[in-house]
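Asks: Could you use the hints to bring the two separately framed chains together as a complex?
Residues per chain are reported as follows:
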Amino acid sequence: MTVTEQSTNTVLGQRLVRKEDPALLSGEAQFVHDIQLPGALYMAIVRSPYAHARIRSIDLSRALASPGVVAAFTGSDLQGEWAQPMPCAWPVTKDMRNPAHYPLAVDQVCYVGDAVAVVLATSNALAQDAREAVEVDYEELEAVVDLEDAASDRVVIHPELSTNISYVWELSPDKEAVDRAFSSAAHIVSERYVQQRLIASAMEPRGVLAVPHPFGGEYTLYSATQIPHILRVMLGVTLGIPESKLRVVAPAVGGGFGSKLNVYAEELLAMALARRIRRPIRWHEERSEGALSTVQGRGMIQNIELAADADGKVTAVRVSLLADMGAYLQLVTPGVPLLGGFLYHGVYDVPAYSFKCTGVFTTKTPTDAYRGAGRPEATYAIERAMDALARKVGVDPVEIRRRNYIPSDKFPYSSAAGLVFDSGNYSNALDKALSLVGYDELRAEQARRRSSSSTKHLGIGISSYVEMCGLAPSRVLASLDYSAGGWESATVRVLPTGKVQVVTGTSPHGQGHETSWSMIVAEKLGVSFDDVEVLHSDTAVSPNGMDTYGSRSLSVGGTAVWLASERVLDKARAIAAHQLEVAEEDLEFKDGSFAVRGTPDRSMPLAAVAFEAFTAHNLPDGMEPTLEASVTWDPPNFTFPFGTHIAVVEVDEETGKVQLLRYIAVDDCGNQINPLIVEGQLEGGIAQGAAQALWEEAVYDDRGNLLTTTFADYLVPSAAELPSMEMASTVTPSPTNPLGVKGVGEAGTIGSTPAVMNAVVDALSHIGVSNLDMPASPQRVWQAIAAARSGSGSEGRM
Amino acid sequence: MRVSVKVNGRLYENEVEGRTLLVHYLRGVLGLTGTNIGCDTSSCGACTVLMDGESVKSCTVLAVQADGAEITTIEGMAQPDGSLHPIQKAFWDNHGLQCGYCTPGMVMATASLLKENPHPSEEEVRMGLEGNLCRCTGYHNIVKSVLAAAATMDGQTEAVRS
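So the sequences go chain by chain: A and B.
Each residue of the first sequence is one higher than the one before, counting from 1 in the working numbering.
Each residue of the second sequence is one higher than the one before, counting from 1001 in the working numbering.
In short, the hints are calculated from the structure, not lab data.
C-beta atoms are modelled at their ideal positions from N, C-alpha and C, and glycine is treated no differently.
Not one of these hints is a red herring.
What the simulated footprint calls covered on chain B by chain A, stretch by stretch (three residues with Cβ under 8 Å from a Cβ of chain A suffice, anywhere in the stretch; the number is not a length):
#	segment
1	1029-1042
2	1066-1075
3	1087-1096
4	1121-1132
Below, a list of computed lysine to any residue pairs in the SDA-like style, where the Cα atoms sit at most 20 Å apart:
#	chain 1	residue 1	chain 2	residue 2
5	A	Lys657	B	Met1127
6	A	Lys19	B	Ala1078
7	B	Lys1089	B	Gln1079
8	A	Lys432	A	Asp396
9	B	Lys1144	A	Ala728
10	A	Lys657	B	Glu1130
11	A	Lys456	A	Trp782
12	B	Lys1089	A	Ser26
So here's chain B without its partners, still in its complex pose (with noise of 0.2 Å):
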C-alpha cells in the first residue's frame, strides 16, 4: 500500500506492508532510527511520536493510518544547526536521563503535555507522563525537566508576545 506522509518538515511517499506499524516505517524505512520500541504492547511509551502535534504511540498506529499526517520524531526537534529544543536542553541542564532509551518518547510526550498545559503543576506532570516508563532516573529528574522546559518555553512565548 502506499502511504505519503511529512516526516520531520519533509515529505515521503513508499510502498508500505499493510501490517506495517508506524514506528517500524519511520526506523527501517526512513532511517529514523532515533524513536525506539521498548515493548509490544504500547505500554511504555518509547516509541512516542507527535502526528499532527498530538502524542501517539507510534506501535500502535499503523504507517497507512499515517498516510497524509504530519509526524514529528526526536530527529525533528532540535534547529537544523543543532541547537536542543528547550525540552531537550531542560532534560540535560536536570540529567533527566540515564541510558536515554526511553528519552525520545518521554521528549515527544512532554512536547504534547506542554502543548495542552502549558504551565503543569507537579502533580499534572506525574499524571500526563503516566504513559511513559523509564527504568534509570525513578521520574525525579524527568519531572524537574519538564517543569523547567515548562518555564523556559513559557519565558519564550512571553519574549515573543512582547
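Here chain A stands alone, though its shape is the one from the complex (with noise of 0.2 Å):
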C-alpha cells in the first residue's frame, strides 16, 4: 500500500491506491471470456443484413449439416420459450407505445443487426463458420433513418402501433408564464443542436456464460453487466424460471458506460438454450457485431429557446426533443432523454421553464442510456445556447454565466423545473477555473492572432453544468413511472477473527467500489484498509441490490455501507459494555477499540467484541450472536454535482483540424472519499466528451447501415489526440447523505462536450460561424468555415 499508517477518522480522503489493482495488472483477474467451463456451446447469433425486412423464411439445414454444430433455432422455433416480452421498466407515459421484442424475430427485423437465428457449436470458429450457413429470405422494406422522417410516419416501423411515436413527455409546470416571459423579452435565442448516436465503446466487448446445474432446475449466468440483480429478477420474469432459482454473476466487467446496463437478447438466448439443451451456453460478443447489437447513446434533435432581459438575464427556457429510440424499447430507452428534462436551464436561476420529449423509433439499433444519459444532453443544449445570448447581448460568456447563476445563498434550491438542488457555489468553481486558465492572457492572445493573418485560430469553450445524480430516491422513481426503486443494500459483518466482509449491492465495472467502500469501513470502525474485503456483484453473496449506474454507487451504496458500519458499531457498543461492566455512556471508541472514559486501560478491540459476539457465551440478555449489520438506503434527494470546465483549442483555418490544446476542469463533488479515483472518474468522463464533441458518431447510410462498425471508423480517441488535463476542485458537501458526497461518474462527460464545442465555435465566431454540429470533424469544420467566408450562412450542417 502506498499509505501505510492509518488510524481512526484520518482514511477518508486519502489517495489510497486500488485494492482491485494487482489482480487486473497481472493478468489474473477473470472477464466473463476468461472463465473456463468444459462441455461448453458456443452461441453464433445470425443477424440482419437489413434495417427493415420481412421474414419469408429461414433455411437451417446446411448450418446443422456444418462441422461441430449441435443445434440452431430460429425465431419462431424459440418463441415458447419467453414467457414475455424483453422487458422495458420504464413506461413514461400512460399511453407509452412499445413493439413486442423477442430476443430472435420472428416475422419482421427492424434494424440492421436484428437477431434472426442462433446457431450452437463445439467451438466459436466452429459456430461462426456455421452462421455463414444459415440462409434467410429477406423481403427488403424501406429503413426509416431520420428523425423528422420518422416522427412524420410517412413509413410505419411497427404497424401494429400505426404510428412511429412512442410518446410524448411533458414538463410544463407553468406554461403561461414561459409565453409571458417570451412576448416581453429582450432578447430571445432560438437554437436547434444535433446529438449524434454514439457507441459506448467499453473495452470488454459484452459476453455471457450459462450454465445450467443438475436436476435443481438452477441457472447461473455469467455475463459481462453492470446490473446483476436487475438482471436477476428481469431473466425470472422474461424466461419464467422462478427467481430463487437464479444466480447472476458480474465478473472482472471491463467497463460499462450505460451500455452494460441492459437486458439483452443474448443473455436471454443463452439461458433459453442452456435449458433447452442443458449444457453450458457461451456467446462472446465480437467488436463490429456489438456496434449494431449493443444498445447506443444520445441520438436527438434539440429545439431550445432562451428568453432574456436586455441585461441578458434569463427569464424562461423551453426546450423541444425529437429522441430516438431506435427499432425497439430496451430497458429504459424511454427514459433516458427524460433524464435531462429537469435540467435544460442547467445552472441558471430561471424562473419559467417548459420540456417537452418526443420519442420516436427508427430502423436502427435501439438507444439506452450512455454516460449521463439525458444530462449531458441537457448541459449542450443550455450551455451553446447560453454563448449565443452572450454574443446576442454582447458579453463575454464569463460575464452572461455570472448574470444567471444561481446564486449560492439561494441553495437548497427549488427549480422551476420541479427540483430541489441540495447545494452549490457556481460562480467559486467558475473563479478558479479562469484562473487555472489565466482567461484574460488568452483572450489578449486571440485578440492577437485575429489582428495577424494567423489562419491558427484560438477557442476558449466555458461549460457551467450542474447534473442530477445518485439515482434514486424510490418515491421520486415512482412519480416518474420507473418500475423499481432507486435503494441500495449494504451487509457489514465482522468475522470472529476481527477481519470485516462487506457486501454491496453495487456492481463495480472499473469504478473501484472495493477500494472506497473499504475505506469508508476502516473510517468508522477503525480497522485496517486492508483487514477490509468487499463482496459484490454475485447474487447469491450479495442477494439484495440496484447495482451501478447513474453515478449512484457511492451517495446511495456507500452511504448504506457507511450506515451499516454505524450500526455494527452501536452493538459492539453495547457488548463491550456488558463485557466490561459500565454504561454504553461511558466507553469511548477510538483506533478500533472501546475504552472506559477515564480509565483507558480497560477497554475492548473490536476483535475481540466479534469473538464474543461469535461465541456468545456472555452476551446481554436477548441479544442475538454475530456482530453483523444491513442496512438498505432509499436516499431523500439526488445529488448535484456541479463544475466549471474550460476548453482551449486552436482550429486551422486551412484544413478544418481543431487541436485540444488545453483542458481545465473544476469539479465540486461534495466531500472526496479518495481523491485518486475522482480524478479518474472526471478524467475518462472528460475525454469521453470531448470525444463526443470532436470524432466520434455512429453514422448511417440512408438504407440503414451503420458505417462506423470498427475503430478505424469509430473514432475513440487515442493518447495522441488528447492533452493532459488540468484538474482542480472546490467541495460543497452534499446535505442529502451523512458523507457528504456527491456521484462523480458521469460529471466530465456532462461538462465536457459542450466546453469543446463551445471553444471550436468562439475560435471562428469572428469570421462568422455561429452553429456547428458534432462531430466538429475537419470536413465539417472547414465547411461550416467556407459557407462563412462566401456569407451563405454559417449552418455548417450537412
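Replies: And the structure:
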C-alpha cells in the first residue's frame, strides 16, 4: 500500500491506491471470456443485413450439417421459451407505445443487426462458420433513418402501432409564465442542435456464459453486465424461471458506461438454450457485432429557446426534443432523454420552464443509457445556447454566466422544473477555473492572433454544469413511472477473527468500489483498510442490490455501507459495555477499541467484541449472536455535482482540424472519499465528452446501414489526440447523505462536450461561424468556415 | 500444423489449425487469459504481447507465425515471487487503470516503448501508445504511469551499472 499508517478518522480523503489493481495488472482477473468451463457450447447469432425487412423463410439445414454444430434455431422455434417479451422498465407515459420485442425476430427485422437465428457449436470458430451457412430470405422494406422523417409516419415501422411515435412527455409546470416571458423578452435565442448517436465502446465487449445445474432446475448466468441484480429479476420474468433458482454473476467487467445497463437478447438466448439443451452456453460479442447489437447513446434533435431581458438575464427556457428510440425500447430507452428533462436551464436561476420530448422509432439499433444519460444532452444545449445569448447581448461568455447563476445563498434551490438542488457554489468553481486557465491572457492572445493574418484560430470554451445523480429516491422514481426503486443495500460483518466483510449491492466495473467501501468501513470501525474485504456482483453472495449506473454507487451504496458500519458499532458498544460492566455512555471508541472513559487501561478492541459476539457465551440478555448489520438506504434526494470546465482549442482554418490544446476542469462532488479515484473518473469522463464533440459518431447511410462498426471508422480517441488535463476541485458537501458526497462518474462527460464545442465556435466566431454540429470533424469545420467566408450563412450542418 | 513457441520462458509444442490467431492460441490452448481481445480489426491493442522483444498485436499474428519465437504476455511480467514489474507498479501507483481490460496490452506496449526509448517525453509517450485504446482513464494517468515507470527503470539501470 502506498499509505501505510492509518488510524481512526483519517482514512477518508486519502489518495489510496486501489486494492482491485494487482489482479488486473497481472492478468489474473477473470472476465467472462476468461472463465473456462468444459462442455460449453458456443453460440453464434445470425443478424439481419437489412434495416427493415419481412422474414420470408429461414433455412437452417446447411448450418445444421456443418462440422461441430449441435443445434440451430429460428425465432419461431424459440417463441415458446419466452414468458414475456424483452423488458422495458420505464413506461414513461400511460399511453407509451412499445412494440413486442423478442430475443430473436420472428416475422420482421427492424434494424441491421436484429437477431434472426442462433447456431450452437463445439467451438467459437465452428459456430461462426455455421452462422455463414444459415440462409434467410428477406423481403426488404423501406428504412427509416432520419428522425423527422420517422416522426412524419411516412413509413410506419411497427404496423401494429400505426405510428412511429412512442410517446410525448411534457414537463410544463407553468406554461403561461413561459409564454409571458417570451412575449416580453428583450432577447430571444432559438437554437437547434443535433446529438449524434454514440457507441459506448467499453473495451471489454459483452459476453455471457449460461450454466444449467443438474436436477435442481437452477441456473447461473455469468455476464459482462453492470446490473446483475436487476438482470436476475428480469431473467426470471422473461424466461418464466423462478427468480429463486437464478444466480447472476458479473465477474471482472471491462467498463460499461451505460451499455451494460441492460437486459440483452443474448443473455436471454443463452439462458433459454441452456435450459433447452442442458449444457453451458457461451457467447462472446465481436467488436463489429457489438456496434450493431449493443445499445447506442444520445441520438436526438434539440430545439432550445431562451427568453432574456435586456441585460441578458434569462427569464424562461423552452425545450422541445425529438429523441431517437431506435427500433425497439430496451430496458430504460424511453426514460433517458427525460433524465435530462429537468436540467435544460442548467446552473441558471430561471423562473419559467417548459420541456417536451417526443420519442420516435427508427430502423436503427435501440438507444439507451450512455454515460450521463440525458444530462450531457441537456447541458450541451443550455451551455451552447448561453454562448449564443452572450453573442446576442454582446457580453463575454463569463459575464453572461455570472449574471444568471443560481446564487450560492439560494441553496437548497427549488427549480422551476420541480427539483430541489442540494447545494452549490457555481461562481466559486468558475473563479478557480478562470484563474487556472489564465483567462484574460488567453483572450489577449486570441485578439493578437485575430489581428494578425494567422490561420490558426484560438478558441476558449466555457461550460458550467450541474447534474442530478445518485439514482434515486424511490418515491421520485414512482412519480416518473419507473418500475423499480432507487435504494441500495449493504451488510457489514465483523468476522470472529476481527476481519471485516462488506457485502454491497453495487456492481463495479472499473469504479474501484472495493477500495472506496473499504475506506468507509476502515474510517468508521477503525480497522485496517487491508482487513476489509468487499463482496459484490454475485447474487448468491449479495442478494439485494440495485447495481451501478447513474453515478449512484457512492452516494447511495457507499452511504448504506457507512450506515451499516454505524449499526455494527452500536451493537459492538452494547457488547463491550456488558463485558466491561459499564454503561454504554461510559465508553469511548477510538482507534478500533472501546475504552472506559477515564480508565483507558480498561478497554476492548473491536476484534475481541466480534469474538464474544461469535461465541455468544456472555452477551446481554436477548441480544442475537454475531456482529453484523444490514442497511438498505433510500436517498431523500438526488445529489447535484457541479463545476466549470474550460477548453482551449486551436482551429486550423486551412484544414478544419481542431486541436485540443488545454483542458481545465474544476469539479465539485462534495466530500471526496478518495481523490485519486475521483480525478480518474473525471478524466475519463472528460475524454469521452470531448470525443463526442470532436470525433465520435455512429454514421448510418440512407438504407440504415451502420458505417462505423470498427475502431478504424468509429473514432474513439487514443492518447495521441488528447492533452493532459488540469484538474482542480472545490468542496461543497451534499446535505442529503451523512458522507456529504455527490456522484462523480458522469460529471466529466457532462461538462466537457459543451466546453469543447463552445471553444470551437469561439475560435471561429469572428469569421461568422455560430452554429456547428458534432463531431467537429475537419470536413465539417472546413465547410462551416467556407460557408461563413462566402457569406452563405453559418449553419455548417451537413 | 505444429507450433513450437517459448511463452514466458517455457517451451510449448502444440498442434493448431492454420487459421488460429496467436491470441486464441495463448488464451484457448495455453490458458493464458490475461491477454484480452477488444476488437476484431487490430485497432484497440488490448491483445498486445511481446514477440522476440517487440510489441505485436497478437490478433494480427497467426500462431504458426510465432513458431520458434519467444513470447512474453502479461503473466510473464511479474517476478516469480509475485512482485510486480516496475511498469505494473507504476500503473498501480498512478491509478493508470480503472476497469483494467486494456491494461495488459497497455503494459506490454509500454514495455516495448520504453525499450526503444527509455526517456520518452510526454508527447512521445502519447504517440507511442497511439495503437492502444483505453475508454476509462482519458489516458491522463496512463501517461503519468509510463513516465513514472521510465524514471524508476532508469534508476534501476543506473543502480545495476554502478
